[in-house]
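K.L.:
Sequences are here, hints too, so could you generate the full structure?
Below, each chain spelled out in residue letters.
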Amino acid sequence: MVTFLQELVNSLSVASVIILMGIGVTLIFGLTGIINFAHGEFLMLGAIGVWVLMGYGLGYIPAVLIAVAVVGLIGFLLERGLFQFTLTRPNNGFMASLGLSIVLQHVVIRIWNSFSKSIPEPLPGVWQIGEITFIKMRVVVVLVTALVVAVTFLTISRSRYGLALRASLADRQTAALMGIPIRRYITVVFTYGSAIAGLGGALTIALFPVTPFVGSEMIMLGFAVALIAGLGNVPGVVGAGLILGLVTGFSGAYGTPEWTNAYTFGLMIVILIFRPQGLFGGTMGPAIE
Amino acid sequence: MADKRPPMGPRTNSAWPSPAALILTTVVVIGVFAFPWLNPGYRALSFAVTTGVTAIVLYGMAIPFGQAGIMSLGYAGLMGFGAYTAAILSRDFGLNMWEAMPFSALVAALCAGLFGLPSLRISGHHFAITTYVMCELLRIALINGGKFTGAASGLDLPPIGTVLGVKLDKLSNAYMLVAGFMFISMLAAYCVANSRYGRTLRSVRENEQLSRSIGVNTNMYKVGAFMLSGLFAGVGGDLQAYNFRHISPDLYGGATSLYFALMVMLGGPRTAFGPLAGAIIVTFLPEFMRIDPVDSRIAYGLALIAVVMLIPGGVIAAVGRGYQWVMRTLRGPHAGSADPHSAQV
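Respectively, the protein sequence lines represent chains W and G.
Heads up, the first sequence is in numbering that gives the first Met the number 0, so the first residue is 0 and it goes up one at a time.
Heads up, the second sequence is in numbering that gives the first Met the number 0, so the first residue is 0 and it goes up one at a time.
Derived by calculation from the structure, the hints in this document are not laboratory data.
For each residue, glycine too, the CB sits at the ideal point set by N, CA and C.
Be careful, since some hints might not be right.
[Unchecked claim] Per the computed footprint, the stretches of chain G lying under chain W, defined by three or more beta-carbons under 8 Å from a beta-carbon of chain W, are:
| hint | region |
| --- | --- |
| 1 | 178 to 184 |
| 2 | 215 to 228 |
| 3 | 255 to 262 |
| 4 | 269 to 277 |
| 5 | 290 to 300 |
[What the hints assert, rightly or not] Simulated DEER-style distance windows between Cβ atoms:
| hint | chain 1 | residue 1 | chain 2 | residue 2 | range |
| --- | --- | --- | --- | --- | --- |
| 6 | G | TYR322 | W | PHE84 | 25 to 33 Å |
| 7 | W | PRO234 | G | TRP97 | 51 to 59 Å |
| 8 | W | ILE65 | G | PRO311 | 36 to 44 Å |
| 9 | W | GLY124 | G | ALA150 | 33 to 41 Å |
| 10 | G | TRP324 | W | ARG182 | 30 to 38 Å |
P.N.:
Here it is, written out as structure tokens:
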């Protein structure tokens, strides 16, 4: 039982990073229709950014803040410079993002190298509650993720900006006639999603060493949670992320870690075939034209 | 631009290419077969073999992608099925490359049908992501396959051997063999594209609802296109396995599939020379010119973005359009639109 609870606790931090990835994918894919295969590279850039900044002697927290801001800026520039031209032809956006993913990955390898990078533990130590050990940094990661999820969910479901966003998803033309600046919303959502991915990366590197290839692994998990949950469904991403995090944690603890991703991917294919709208229901992406 | 052209006559549907295209084809065929006589050296020749094998798979991929408009990111996996079939048949039953080829092709075609099945329920990007994931599933299965698949270190194969007195183990002869198969697959892809079957696939691409409404069983056509393309991937996998003589799971993961997609899109999936051009540009040129692999990948990523944004039909289609524009300008405004088949399949 203790092992079980311990694994549950450990899985939560893995789930957190997957959830941060999935929120970005679900917002960008589900609400703007942009399929960004390079989204995982934003996570990688966030992690590498923290590593570089800490190499210059910055503390962890300022490094995270700067890295997230920089990744958000990169996302903004890419949306303005590239993806905004693909809004009516999402297929082109998808293909361009494949190229973008290769470019970002190899630019990082070119400047720094392809070896794995780690930082000194920003918050060492553990809390002991009964027989269960809580590693402090992992608790922080879970709390930060919970905060991001809460803010994102409340903004989308309760604020007038979220209402406008959902309106533009339902019917772009009518929403535009109601005076909603759709283009601007798309830019904001894309930038926000990118920054969240950057945050995911900044938190990841505090937990594990990170290589420049981490993005292409994480993007598949991000797509998996977003599609399993149903696109655009933020609470659904949390549910799906928890499921995947637990699968990852328990398959690691009880024997078959080498098949972990296979379970995730298999689940995703099965759910897409039998419930294309996702487990918890979502949009199928915005209607184009 | 378009309004200056004369009105289109009845569509001839002739599969015969224009004289210009025939000349171009002849030049390419001679050029490819003459390559070993230019003393390219061992390194360049072995990259040329890899390029040829890749091009075979790309011609298969161009059928569902170019004609039916369904993008799949699973082709490295299908090639892997072909290659592992060849390796396992050789190890357990002592079959050689030729005997294993039909099995490789068949296994890959069946798996391609299986990979394609979700396309009946899942469309567009969801499907592309699904096939990428299937490819990764295969890689994980191969790594965990224990002795049967040789796990992460993979399997070894015997040399190709001698056929009709020709030593195929010699690299220049292996090159000729691969080049031969490459042209066969190019011809096959061309014939499919210009057949009734290819036209129906294009109708599925342009308007699936409409083509279903006039009685086309679009599901059969879609899965059929995948199975057909699987044959190419299986043959490519068989040839690759025997030319590399060692295969491992990492050759057939999602990342390789991405590069296949990159090559097809760069060259142009709907043109006769597009896949070959894509394979040469991405697989052969950087090695031949000894560009740092990291630099070349950055360059190709950027090139892909540029092609997608600026010339969506691919490099060869752009060249074809440029040629037609030159011919039209030379002949004067009303001399007719050059044969639409010359570049665009």
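K.L.:
Taking the hints in turn, state whether each one holds.
P.N.:
Checked hints:
Restraint check on the region 178 to 184 of chain G versus chain W: 0 residues with Cβ-Cβ distances below 8 Å, three needed, restraint violated. Check on the region 215 to 228 of chain G: 0 of its residues sit with their Cβ under 8 Å from a Cβ of chain W, so the three-residue criterion for coverage is violated. Under the rule that three or more residues need a Cβ within less than 8 Å of chain W, the assignment of the region 255 to 262 of chain G holds, with 3 such residues. Check on the region 269 to 277 of chain G: 0 of its residues sit with their Cβ under 8 Å from a Cβ of chain W, so the three-residue criterion for coverage is violated.
Counting residues of the region 290 to 300 of chain G whose beta carbon lies closer than 8 Å to any beta carbon of chain W gives 6, which reaches the threshold of three, so the coverage claim holds. A beta carbon spacing of about 27 Å between TYR322 (chain G) and PHE84 (chain W) agrees with the range 25 to 33 Å that was offered as a hint. For the hinted restraint 51 to 59 Å between PRO234 (chain W) and TRP97 (chain G), the CB-CB distance of approximately 57 Å keeps it satisfied. Distance hint for ILE65 (chain W) and PRO311 (chain G): a CB-CB separation of about 38 Å, consistent with the stated range 36 to 44 Å.
For the hinted restraint 33 to 41 Å between GLY124 (chain W) and ALA150 (chain G), the CB-CB distance of approximately 39 Å keeps it satisfied. Range check, TRP324 (chain G) to ARG182 (chain W): about 34 Å between beta-carbon atoms, so the 30 to 38 Å window is met.
Against the hints set out earlier in the document, violations occur for numbers 1, 2 and 4.
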